[in-house]
Each structure stands twice: as C-alpha cells, then as structure tokens.
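S.K.: One letter stands for each residue in the lines below.
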Amino acid sequence: MRLPARLLALALATSACVYPPGAALAAPSVKLRVSFDPAVAGARTTIKLGLRISGQGGSPPPPVSALALRFPPNMGIATTTLGQANCEPAQLFSRGLTGCSANARIGGGTATAIVPVGGQLVRERASLSVLMGPSLEDQLEVLFYVEALSPVFAQLVFPSVVEEDAPPYGEQLDTTVPLVQTWPDGPDLALETFASTIGPQGLTYHRKVGATTVAYRPRGIRLPIVCPAGGFLFGALLSFQDGTHTTGTYRVPCPSR
Amino acid sequence: MRMLLRALPVVVLAVWGLLLPGASLAVESKPFGIESFSMQTTEANPEGVNEPYLFTQAAGHPSALTTSIHFATEETSPNHFSTTGDPKDVIIKLPVGMVANPQAVVHCSAEKETCPTDSQVGVFELRFVGGEQQLWVLGAIYEMTPYPGQPAELGLEVPFLGRVPLTARLIRTPEGYGLALVGRGLPIANLSGIGENAPSLHLSFMETTLWGVPAAAVHDSQRGVSCFGTSNEGQLNCGGGGHPSGQEAVPFLTTPSTCPGVAESASVSVDSWQGPARYVQAQSPLSAMAYCDRLSFHPELSVRPETLAADRAVGVSVTVKVPQIEGEAALVSTPPLHAATITLPSGLSINPSVGNGQQACEADGPSGFDMPTGLNAAGEPLGPNQVGVGEEVPDEALGPPEPQLTPGHCPEASTVGTAEAVTPFTSSPVKGRVYLATPECGGAQGPACTDEDAADGRLYRLYVELGGKNGERGEGVVIKLEATVQVSPATGQLSVRLAEAPQLPISQLSLRLFGGERALLANQPTCGTATTTSDVEPWSSPYTPDASPSSYYEVTGCAASHTLTPRLIAGSVNPLAGAFSPFTFTVVRSDGEPYLSQLQLQTPAGLSAMLASVPVCGQALANSGECPTSSRIGSSLVSAGAGSPLAMPGSIYLTGPYDGSPFGLSILTHAVAGPLDLGSIVIRARVDINPHTASLAITSDRLPQIVLGVPLRLRQITLKIDRPGFILNPTNCSALQIAATIAGAEAANAQVTNPFAVGGCRGLSFKPTLKASTNGRTSYAGGAGLDLKLAVPKGDVGVEANLAQIKIALPKQLSSRLSTLQGACRSVVFEANPASCPGTSIVGVAKARSPVLSAGLTGPVYLVSHGADVFPSPVVVLQGEGVTLELQGATTVHASASSVMFRSLPDIPLQGMEIYLSQGSHSLLTSTAKLCSLRKVVTVVRTVSRRVSGRVVRSRVKVRERLPPSLPMPTSLVAQNGRVVHTGVKIEVLGCGVK
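Top line first, the protein sequences correspond to chains C and U.
If you read the first sequence in the numbering used here, its first letter stands for residue 1, the second for the next number, and so on.
If you read the second sequence in the numbering used here, its first letter stands for residue 1001, the second for the next number, and so on.
It should be emphasised that the hints constitute simulated quantities derived from the structure, not laboratory data.
Bear in mind the structure is a predicted one, so any value in this text is a computation, not a measurement.
In this text, a Cβ means the ideal position worked out from N, Cα and C, and glycines have one as well.
Watch out, some of these pointers could steer you wrong.
Stated by the list, open to error - Residues of chain C placed beyond 10 Å of chain U at every Cβ, according to the derived structure:
(1) P89
(2) Y216
(3) C254
Claimed, not checked - Below 25 Å or equal to it, Euclidean Cα-Cα: the simulated DMTMM-like pairs (lysine to aspartate or glutamate) are:
(4) K1812/U with E147/C
(5) K48/C with D37/C
(6) K1930/U with E147/C
(7) K1930/U with E88/C
(8) K1771/U with D1787/U
(9) K1986/U with E1961/U
(10) K1812/U with D188/C
(11) K1030/U with E1207/U
(12) K48/C with E163/C
(13) K1112/U with D1220/U
(14) K1321/U with E1500/U
(15) K1720/U with D1659/U
Build out the structure end to end from the sequences listed, making use of the hints.
M.R.: In structure tokens, the structure reads:
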C-alpha cells in the first residue's frame, strides 16, 4: 500500500482554524460527502466533493497541513480532457481568475475558513477554483485557487499533483497546505468546510474554429461502467499542523446503468 | 563726691597757694618731656638681695609690676632744679596680655576717706623738685569701686594731697586688646605747709608698683604704708605698713601669655599743665615672657541644640570653657584662648529659613559693627585722646570723658544670637550679641559669591560683640570679635573659626544661636550621634599645645521608615472647559521627611499648552538662567529650610529641545536668604508630550540639594504657569487627575495624585466634517487607497470641543488585504521604535495641524499587530517639532465588514487632519468590486432657459444624469465633551472619468 507522498494542500488558505496551543492532540473529525452529477455509469460526470472538519469538543479545528483526496480506481482524473490550458500562479495573484484562460478550469466550489480573534470566531467564505497547473514532465498538476473577499481579501494558490494510489483507491490528489498565518503573532487560518466540483458542470471552454471563437462545454470525467461492490469509495486523508491525522471516507452508491 | 575727689589736687594747690599752672615756671628753656620710662615685672626679693629679679613667666603672677617715669628736669641755677613742665595727664598703656583682675581684692568705695588695706593693690612713689628742695611721697594704691562704664579704677592715696585716681580702661591697640591706666590732673605741690618761702615743687618722678598677688604676705610690710619726706629733713616719715591681708590670695596681675620672640612693650603719654593736650610719649620694652611650655590648657567644649529632633530649625549653644587655675598656689594662670575652630556635626547646617526678615550687619557705617583696630584714620596707632573706630567719648556726666570702646550699631534684625563671656575682669559675666555679618563677597557691585567663598569663610561670617548695647556701658568692657564660618560646599558642614580672641582670662565663652522657626541652623536630617570637634589654640601656642575638645549629642525623633509622603496641590485657576487658564502645581514636604530631589509632573489629559505661541529660549541662555522675558511662561516659588521656610521666587521659561525631549523648562530661582545672596539657581526640566494623550510630562533634573554650602531642605515647590493664552483646559469634563512622581533623597519615589476636572463642557460646540475619497482604478496588485480629510470649523480656541473618537465603517467593497495584514508590525517592535517596523507595515501617511504647535504634524500610518486577540490596527504616528503623537486605531470585524475606530484621540485642538491609506503593493485595502462601475444614473429636475421669440423662457425638465460613483461609509465623530456627530460619509470614487 502506497501512502500519499504529500498530503493535499487544499485546506489552505481558505481555511484553517487556529489551533489552540497546548490543546489535546486528539484528532479532529472530518466528514466527507461525494456525489456524481449526473450519476450515470459510463457517462461524463462531475464529481462533487464536500468536506467538513470539526475540532474536538466544538472547538475550531487545527490548521490543515496536508490533504489527500483519494479517488476510486478508473475515475480517470489523470487522463481527463478537462483543462485544455495551463495556468500560472503568478497570473492568478496579479489578475485573479481573469489572469488564466477559462479553458484551464477543471472545477470550482467554495470553502470556509475560520479565524478565532479573541473570543470571536470570524468566518471567511471564499470562492474556489480548480485549474490545470503548469505542465509537469510526468505528473498532472492541479491548482486550487482560493479567493476570499470579505472581511479580508485573500488570494491563495495551492498546487497539487495527481498520483496513483494504493487499492482500494486508484488515484489521489495530493496537496500540501502551508500554514497560513493571518498576521504576525495572529491566529492561523483553519479550514472548516470545503466544497468542490471536478468536472464540466458550470464550465465553458472556448476554441477557435477558423476565425471564430466558439464556446463549448468540456466533456469532463467519465464515470466507470463497472461499479465496485458497495459503491465507489472516496477517501480524504488530512494531516494537521498539530501533528494529528484523520481520515474520512465515503462510498458513493453505484449509479443506475 | 567723685568729682570733688578728682578735683582735689587742684583744690590742694589753691589752698597751698601754688601758682596756677602755667605760671609757676619762670624759666622754661627745655620742652616738657620724659627723661625715662620703664616697666618691669619682678619677683619678690629673695633674702639678702636688694635688686629684684625680673619676672618672665608667661601667664604668671609677678610679685610686682613697676612703672617708673622720670620727667625731664633741668638745672635752672647752680644746684637748683626744676622740671620742664608739670605733668598733667598721664596715659600708661600696659603691654597686650598684661592683665589685672579687678575682682582680686575688695573694692574701696570712693566715699571712704581711708581705704581698707584689703583693697590695696600696690604702692606708689612721687618725687617733686623745686629749687634745692625735693619732696618724696609714698603711698598706697587702692582698688576703687569703678565708675559705671569702667572696668577698674585705682586710687593713689597721696599724703596731704588726697586721692589721685588712675582709671583703668580696656583699649584696643593694633596689637590687640589691652589695658590702659589714665591719670588726669596730676598734682603740683609746694612746701608751703613745711616752711616759709618754699619754692614751687614739680613732679619729676612717678613710680607705681602694682602687686601681682595683693594679699601675699610679701607685701605686708607695705600694706597701708604712707610716707612723706623732704630733702630738708633728709628722711622719710612713714606710717602704716606691716598689716597682713585678711583676704584670700588671689592673683591681681597676670603677665602676657606669649612666649619668645614676642617682646611686649608698654608706653606712656603725658602732657603738661603748661601745654595741655601736647603729649609726649615714651616706650618701654617688657622683658619677653618665657616658659610657655609650663602652661597647661585644657578647654572643654559643649555644643547643644535646643531640640534633639532631626531636621528641625534649632537654636544651638556653643560653649568653650577654659578652666582657670586659681589660688595663691597657682604660679601661673591658664593661658587665654586665642583662637578656636569648631567643626559642628555633619548635618547641622545653615538653615535657609534664617533669610526670613534677617538682615546683616555691615562692617562699618551708621549701621556697622565698627570693629576697633587701634588705628586712626591715617592708619597709625591711636594717639592719646584720639577716638578711633569703635570708640566714643562718653558723656562726661557718666564718667571720665575718656575715649572708650563702644558697642557697634548693628541693626536689631541682624541679631542671630547672644554671647556671654565669664571673666574675672568684670564682676559679672559680660553679655553680648551675635550678629550675622555682611558677606565679603557678592553684593550689588561685586561678582557673585562662589563655593570657594563659602569654603573660605567670606560668605558666612558672624560678629560677636561682648559688652554694653544701646548705650548700656556695663563695666566698660566691649570686646568685638569676628567669626568666619567655613562651609563645605559639598556637605554643608560648618566650621566656625573665632580668631584673635582678646588676651584676657576668659573662663567661659558661650554663643547661643537663636532657635525658633527661622533659626540660623537646622538639625541633621537623620538620627544618630552628632559629634562636634574642635581645635582650640591658646595664646601661648605653639609652646603650649592646642587642645581638641569634642562634644556629642544624639539626634532623635526620626520616623521608623524614612519615607516621603508629600502633598500635591494642583489645578487650573479657571476650570472652564476649553478655556485658557493659569495652571498651578505645588508639592509640599513635611519636616523630617526625605528631601525633595526630583519632580515629575503629569498634567491631565487634555491640559495642553500653546507651545507655538512662545518663542523658546536657547539652550545656552537656558542653562545660564538668562532667558529673555519673551520666553517666560510663569513663575515659581521655592520654599526652603526647616521651620518657617524661606520662599524664593523665580521664573519659568520655555526652552527648545532638552535632554531628548522636544521642549524644556528653565526654572530660574533667585536664592536670596535675607542678606545672603546664594546666587541664581537654574533647574532644567524636560517637557515631554504624551504620544497618546498629548498631556504634558514635566520632569526636572535632579534638584539642587545644597547651594553655596547651604542645604536647601526643600519644603515646597510651586510652579505657576500663567502666561496668558498658554495653558488650555481640556474639553473633557470627566474626572481626571494630575499625577506626580516625587523623588526623595535616599528614599523611594512617592506617587501622588490630585483630582482634576473642568466644567462647562456642554457649552462647547462640535461641528467637524469628514470627507473621503478613493481611486476607482484598483487592481489585485495595487489594491485600493482611501483618503480621509477631517476639517474643524475655524474659530477661537475654547469654543469647539476637541475630537475624541472617530469610527468609520468601511464599505464591503473595501476589504483589508491578508497579504498586508501579514506584513504588520509587531507591537513590541512598534513600541520600541516604530522606525524599526518593516516597510510592509507602513500603509499610509497622515498629517495634522494644531494651534498648539507651530509646525504641522506628519507621519506614517503603521499597521500594528497586537497579537492573536485583536485584528491588526492602524496607528497614525504624527511628528513635528520633536513632538510625536500616536493615534491608536482599532479594527473590528462584524458581519463580514470592517470598522476602524480611533477611540482615544488626544484632547487637543485640531485645525484639520488628513489620513491617506496608500494604494500599492502594501495597501491596507483592496476593492472587491469594480468601483467605477458603481456610478449611478439618476433622473433629476433642472431648470433650463431657452430663448423663444427673443424672450428668455425658463422651464423645468427632467434630465438623466450619471453621478460619480461613491461608497457609503457611515461615520461617527465623538467629541471630548461627549457630543456625537453621525454622518453618512460617501467615499467619492475618483479617476473614473466622470465629473
């Protein structure tokens, strides 16, 4: 069994709770929810992933340091036709999403981070974009671009790579999440919720047909025709800045044929 | 009766039919003169020896002191002799140090025709010549009851002629105090009572022999003797004699106490009946005294304060006792005290309180001490009957009109104590006074006194006057002494030096310096043993060793803990909000507590000073106490001293930067303690302005504790800043306080406060306005800026309440940037030095104008992190004229929107303030929307004019207009008096191409 080399850094910027120093090292809990849209075997579909991280005893969870999203075999993340262009992180920082081609997008979503300030928990909602990152020689790099507007404007980019995973999984999206400190001596961002799509839903690509630019909807990921017994198993492996780890799994029932 | 006796010789002359003076000499070829004069001290004749031995024991009691005067004679015809004049008045000055004790024998009252032998102090011999005849007269010398104003009087019982007085006077010669014997109206005699056609007789020889110990048995043969003889008879006819004395043998004469090298001399001055007031003089050396090493000198010293309590104004008695050797067996006396240096206990120092109403006595003049010198105006020794400084001729009705020493004319207010001397020279102790003498430095013309003057005794001096006062003549003993007081400039320890005391047998000399609330001295501030040491020198020094008696006492009454608990009284004279008012600050220390050594005053928040209105004094002038009047901002009053402290006024000047502070004070105090001008004391102080409240912090340098050797014992310091239009009251009427930190010498600091409040805040208006704008051209990289401009209505200071708080709610389109928050400056770094903050923390600039300062204030806006519990907040650092103000903001987040609040703005008048939050890579804000797209299109009704058929027609039309974009920014402005202005400020979005 091959464990993720890196844990997905998704949690990132969006989130990160402060994690109280000296807190007991009991691992937070994570709830993973996954669905397909449409849920039709063999059809092109959009995977919808949802994560909710809870700290022990109702306290904010500690900041995530790595996140690995584990996909069932044959989902074809690495071979997807999504992401017809590549996006550079610098462009995102300077111009936001407009800095990259719409053809680089492979998904989107939202995330919520919490920041405990004094006795107040400040929640910051952010938009999430999943983009095809700069081309690598032997790996597919995916960028998670998080943009929060209010009350604090923040841009965070977390690159992740698609790797093979050990059974019962087939692939994993492995992201390292650096610690995001809000301000010197301030609290760290803690990821609380994460909702992302990977697939064509909501995406519009463009291509040149002669001299004309034509908009089209990308085909996305094909749901395997063969459904494993018990359904498609998804997993989320989270490591936290306090050294704890937690996992969440979710089995998507086999779709109708 | 006395006058009758004094005139007796003349009466005798008239009775005996002598020629009147001046007519008796038919021939006068030689001028009147003295052929020889001698004075010797002798021992008693040993058995079988005719000539007596000279007596040379210093401070000893000779058997006799013999004075012989041969008047000039001439042979008028063969074997006929006559004097060249008839001596009239004779003044014999004894050598300095040759003293007589008038109390050694009983006095003979002048009323008695015959004096008792117990009052005899010697014998005399007179010789008269006339033609071929000579007349010898021997008789006794008696101690008479003296006239008032005279220490002693001798009476020569001249057979047939009666009693001739010899008046003893205490005189001052250049060599010192001494005795003079004055005989007025010496007799002229004839032999008309003896034979017919007797020629006129003239006094040709006069010899007095005073006995050293009159009651000694050796003199019994001459006790009561009286002889008379003529050359015709060829023998003396004597009576009396052989009487033993019934009195105790007390020495009458004592020789000088100075030894080898000091040959004292006596002199005589005589005029004649024929040439009154034309004196002839002669001198006689006295054999030098010796054997000073045989003398013993063991003085005792006693120094006692009238109270032993620490740090109190105190009277002090200083007594030097010089035990005298008395009795017949005493071969020698105790040598008199010549000089004494008394070093008082450390801490017993000059009390500044003495300056209250104190005067000093001048050296001379109408109110002068008039120290006698024995010199005349030409600087020569006084001649007979010359009246020198410190002498006067008394009213003849009160006694012989002899020039005699007289008390000075020191003003009553210059008296600081009393003095007393016990001497056998007088029947009772000689009382007198101690005066504070005018310093020999400083004054209106001279340079100011220095520490060196204080150390050398030129600044602090005392006059000691023993003897009558205000016309009281006592026993004619007036002794004036000068004492220098040498002061350690560092510690104030006093050494009193009394020099050139008279060579008289003083057995006790006491000085009692007055106590009371304005005593000259004050006790040491701490408890413990107080030791007085001394060096006392006899006249026989160095052959007789100096003595070093000491004295001790215990200072008590100190509190268990030596702590400072001062009182603070401070406030505005006119406590009206926003008004100009003098401000006073007084700190008071109680007796016995540690001395004030440093002050720090913290004015209440909002009490500001119009620093811009005063031209500051330069450092050089400030340090030297020469600031111009233009920089004066108030007055000071420093009270110093134990008891009733001396108040010393001064002035306060505003100076430029001092000791790292933007402003300073030069507090100039004229330390004048009555006649003692201790010069000007300059105390510098820093003036800091609290960066958060703009209150003033005045911190003095170390306060001087001692000036020219006088410990100040500071009791109260009052600063009154009363320059018109300078101190401005707060516009906040809440309860405030004035705080002070008082440092005590060798004690912990004391923190004291005084409530402070002003009234009338409700009468102050508050009408500020705030405008805001931002550039609509924003970007992810450059973020967004925000310009805020606060304006305050122009008007007189004191009309408008000052701004206390600003709260602005940022529109949701303007958010803080995480990347900028991450570059905030840690508070610890900021508080240490904002300049050390990273450049990423500077998010803008600000400027402000206040009438308090002449220059505007400008500075950066920092984003400061205060840790995890609060959002980073902007801090505006305004600087100008060395003043730094920090406006602390606070950021709060609520419902995804941010608010910034400046909660505690300093209570100072502002004319305006602008804050520019920069746009750029480190902008605090960024836009989360396209600001220029926020423009609105509205329909408005406008009046338009058109010309129709040559006429102007006006009509109202609806017009669609595009308004510049703006962002709402609800704002609250709160005044120091509590008034609140809520305003819906619109952030004008600029740069969108819309006018």
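S.K.: Quick one: which hint numbers does this structure break? Sort them smallest to largest.
M.R.: none
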